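*Asks:* Next come the chains, spelled out residue by residue.
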Amino acid sequence: MDELKEIIKNYVINEYLEPDSDPIDYDTPLISGGIVDSFSMVSLKRFLENKYNIQIPDDQATPEAFDSVNKIAELVRKFVKV
Amino acid sequence: MTHFGNYEDRVKNFSWAISEEELGYKPGQVINIGWYCSDRICQMGKADRVALIWEGFTGERKVFTYNDIRLYSNGFARFLTDLGIKAEERVCLFMDRLPELYIGFLGVLKTGAIVQPLFSAFGEESLFVRLENAGTSAIITQRKHVSKVRKIREKLPHLRHIIIVDYDGKSPLQEREVAFSMENNPVDHYDIYPTQAESPSVLHYTSGTTGMPKGVKHVHYSLISQYITAKWVLDLHDDDIYWCTADPGWVTGTSYGIIGPFSLGVTQCVLDSGFSAEAWYRFIEKNRVTVWYTAPTAIRSLMKAGDEIIKKYDLSSLRHLASVGEPLNPEAVNWSVRVFGKPFHDTYWQTETGCIVITNFPGMPVKPGSMGRPFPGITAVILDPNKHEPYPEPGRIGLIGLKPGWPSMMRTYWNNEEAYKNKFRNGWYLTGDRARMDKDGYFWFVGRDDDVINTGGHLVSPFEVESALLEHPAVAESAVVSKPDPINMEVVKAYVTLKPGFTPSKDLELDIMNFIRKKLSPLAMPQEIEFIDALPKTRSGKIMRRILHAREWGEEIGDTSTLENE
Chain A
1 MDELKEIIKN YVINEYLEPD SDPIDYDTPL ISGGIVDSFS MVSLKRFLEN KYNIQIPDDQ
61 ATPEAFDSVN KIAELVRKFV KV
Chain B
1 MTHFGNYEDR VKNFSWAISE EELGYKPGQV INIGWYCSDR ICQMGKADRV ALIWEGFTGE
61 RKVFTYNDIR LYSNGFARFL TDLGIKAEER VCLFMDRLPE LYIGFLGVLK TGAIVQPLFS
121 AFGEESLFVR LENAGTSAII TQRKHVSKVR KIREKLPHLR HIIIVDYDGK SPLQEREVAF
181 SMENNPVDHY DIYPTQAESP SVLHYTSGTT GMPKGVKHVH YSLISQYITA KWVLDLHDDD
241 IYWCTADPGW VTGTSYGIIG PFSLGVTQCV LDSGFSAEAW YRFIEKNRVT VWYTAPTAIR
301 SLMKAGDEII KKYDLSSLRH LASVGEPLNP EAVNWSVRVF GKPFHDTYWQ TETGCIVITN
361 FPGMPVKPGS MGRPFPGITA VILDPNKHEP YPEPGRIGLI GLKPGWPSMM RTYWNNEEAY
421 KNKFRNGWYL TGDRARMDKD GYFWFVGRDD DVINTGGHLV SPFEVESALL EHPAVAESAV
481 VSKPDPINME VVKAYVTLKP GFTPSKDLEL DIMNFIRKKL SPLAMPQEIE FIDALPKTRS
541 GKIMRRILHA REWGEEIGDT STLENE
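Note that the protein sequences, when read in sequence, are chains A and B. Just so it is clear: in the first sequence, position 18 is 18 by our numbering, and no numbers are missing. Just so it is clear: in the second sequence, position 370 is 370 by our numbering, and no numbers are missing.
Incorrect hints may appear among the rest.
Where chain A lies over chain B, by a calculated footprint (3+ residues, C-beta under 8 Å) [what the hints assert, rightly or not]:
no.: 1; region: 146–154
no.: 2; region: 264–275
no.: 3; region: 421–435
no.: 4; region: 506–512
Note that these hints are calculated values from the structure, not bench results. Since this is a predicted model, take the numbers as computed values, not measurements. Glycine residues also receive a C-beta, built at the ideal position from the N, C-alpha and C atoms.
Looking at chain B on its own, in the form it has when it is part of the complex (with noise of 0.2 Å):
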């Protein structure tokens, strides 16, 4: 029996307040997601449950009860208040999925500070762009990601303290350094801050097709978003083991790889480790994991991988599956169905709505290669993009637009309201999206409105990467764009003019291609990059990417009556 049940009695009877009387909230009292999440699953008698059990790439485990989130999340609190933290300054979390990320997020949380949480593997300069522009105070890490941060440090005078997790002793501490080993401090009472349910909590970073990342401000009163959509679409029961293989440097990792489970009292998996097939089935089968929640780009390798190695592990257990990041290909769907008896069910949301917001519901038929319907207390439309005004009937492709109010919903874009305001038309946030509706309400996705490139389920901005690229000595003038990738749907592809004395070669393309790695992320690396003599451009001067990327998707390029050089 799904938590779910009909969709149309839902959608009838539907109101935020079930989530909030379910998690005991009444308007205007506190809300902190730092306590929901462990103090009060202990207060509801279930503080030996396990909440987490987590597993590295030699094999070391570690198990943390609710009592132990709870004890270790109070010791990070306590710290951070010692070290001199406020409400509402930024505490950057830059760490591989170590129990430290997990916990430590609850931790900065309960100081009433905003949780920056940060991919790991982020370049300097990405790291730096985005520590510059919340302004943030500290940053939790490890050893292995420090020396990024001393790199950058000097440029940042208000990054007052970089808190390592797993000081060895071997080399000296450097200026603003401290140590803090999580557990060896736990805390049982510490007076958790009184936040309301607009005080902020966790600001995500996000890439736009021009300028530089935005930080997306989300408020303590998402958990009511969260918790509900982790219940219904995920299917979380008492008894469930939970495996979400997003990295909390990205929101999928915090809403429902921190928030959601944690604040239902479920038991949870972290795996950090880089991706094997075999070493997922076998993370699966050893941990009897029952609800799985992983992205298009894991399955398609997956798939890769091939059929008879599932045969090998026992993966019974699993109950309910789901996906995000991409759309999912319904080849996915229906392999799902064949090889583990189930299908992944899509889910579509992004970093700005915080929580889902259409899906395949449990429970319910789902449409292969479809998105879903929306979630209840969830109005979507597809709009015309030129009146930004619904379409009246199905089938017509147009912009996801979402009328604003959910509890969850982006408060705005940090030190950026213009953007913030850029995002909303007639009264509908703009997901940038496109899509259309079939005659039973199901969306079907179609495609970005803009040139964000979404490879593996991330966005990388053309901007950034083309910005990024003209730091190289060699390079004179760059476009970004996406191509066609078979397991991470698109990949970033560059086409590069050089300066004179330099010379196209396969050399100078790695060479490139790593300054980026290095400069940016991994993600933001040139999968390809093509030397050529001259970029499209307009009369004006303007680079036509369009141009481009119709080429790498062998679509028609359309009016090239501006190009320069027709």
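Next comes chain A alone, as it looks inside the complex (with noise of 0.2 Å):
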């Protein structure tokens, strides 16, 4: 199991997601799915900033690079060493 990836989708189902929701994976559409909207987004890249102690530059924090628990642990990556 992949650390980094489980907290970040158990962040997901623990802060975006309503209790009767559809299970998600690592790969569930997170921005274009309606899960996490453009507004929301920014607290998710807080959660992750906080987290690792990092610094995700604005102009990487795009919907595509945010779309799946898949893309936001391979961009957190370029910034740390999880």
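With the hints in hand, could you dock these two chains into one complex?
*Replies:* In structure tokens, the structure reads:
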């Protein structure tokens, strides 16, 4: 199990999903699927920055880069060794 | 050839009767928007024309003809009537952009009930205050959002029915819940309620500086404005493929995402997906979209995605582009000319106006950065903010005032006649926006006349956010202002003082952000929280929000003689 991906997935489940929502996996579309909108993306970015003590530049925090747990993990790994 | 033609000729010869005649409506007759947007189009011989092309985020695609729209909206109406919903009761639509949202909207109107669309990203508190204020009888929603309704239903005794359009039987229905499948319930004949011109139709909620959100009441006669403005401003022709990107939780998504295009009998597309430049361009290419109505925030996001991506798609079908929600900066207009070969046309209006009132018209030169000129039949002026009288000469900055009387003007704020009356001075409707008019009669937006925050084209009340912040266990006091943002024009920023025992931290900031997001909505979530020791206040204890606003925008702070700690 990939710890980074699990942390991101659990945060999305706890913060952005309603109780009866369909389960998500690492490839579930988060932005294009309407689970996390562009305003909420700011809080998800802030969580990652706080958790891993990193700064994700705005030009890399795109809807495409945040569209799944896998893509977010890939982005985070560019800034920190996990 | 545009529908609109020459501006001076249109203004000189204009009467709302032009729209009435085209719609076949005579004063005193029954007028029901649900009928005009479905049955009438079928009776005109267009029953088999595609009305709605819907695409979900997974790529799922559904196509509905005008006859489908007629049958399914009848089905909604029959179901609601059988539940006991009566004329003028409020029925809320609380859904993502599913086909049921667009078709259910017409179904509710066919019953004579008032349709109350609410943005599906609203949190439980935002949902509650709007349902409570409206005394809503029924809410039509989907599994994904029903848990928010369940959390508040005990506090809403008048909410008799919770209708779920995608119930899958996996978990039992709860108290007051009932399942309804639109596509399994077409109804060929339904006796549409005989609404009149002044019968209430739509209740949209909007935010103000003070107090809770206000319900803007519209009537079925609004169709007269929405039909003719959709035709002349959006230049919708019979063979157009139209895409309005707005969510019907907001007024653009109903006036021009449902009523305008459907009353004209054109084909429109809906993409129920979060934003991505690739997805949007692919959608335009795939559906051969000809008329595109979107928002400056989206345009700026597309600009940010770059020009290279555009070359991957064939966007040559685009014929007319328009924008709404916030001022469209000149750079965005010039960019669209460069990459699409045509400018975005800014349109200005409000939830209260119900239709476009000032715009850059198709076929006329666009002045980049300008709001455009008043629609024929609309008298718009720049008012002296103190005397509330029109400035006689151009170039002065003042309040945008409109002479009331066009068909889609709001009729009141729900249960708040006093707030409604406060919107008028000297016979002018006060928009709350400041602008100037140039010598050619074009209007140029300057800013809001109040503290309301326009973020991504949506209005957020600082009062509502401050009230919610006080419910967080760590917050002692707060002041909410806008701060500049390159994409959304403005975003919410909160200044917060903490209760004893709490210390500022990044984790506390995130916790407060998420608290507001879930309680109100993602739009209302502060994108930044600044912890300070004390808020600037007057000697009488009133928080001086304008000082914090000036700080964010790099403006002069102005008179601080009443500042408590000065």
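*Asks:* Determine for every hint whether it applies to the structure shown.
*Replies:* Now the hints, each set against the structure:
no., hint, in the structure
1, 146–154, "holds (count 3)"
2, 264–275, "holds (count 4)"
3, 421–435, "violated (count 0)"
4, 506–512, "holds (count 4)"
Of the hints listed earlier, the one the structure fails to meet is number 3.
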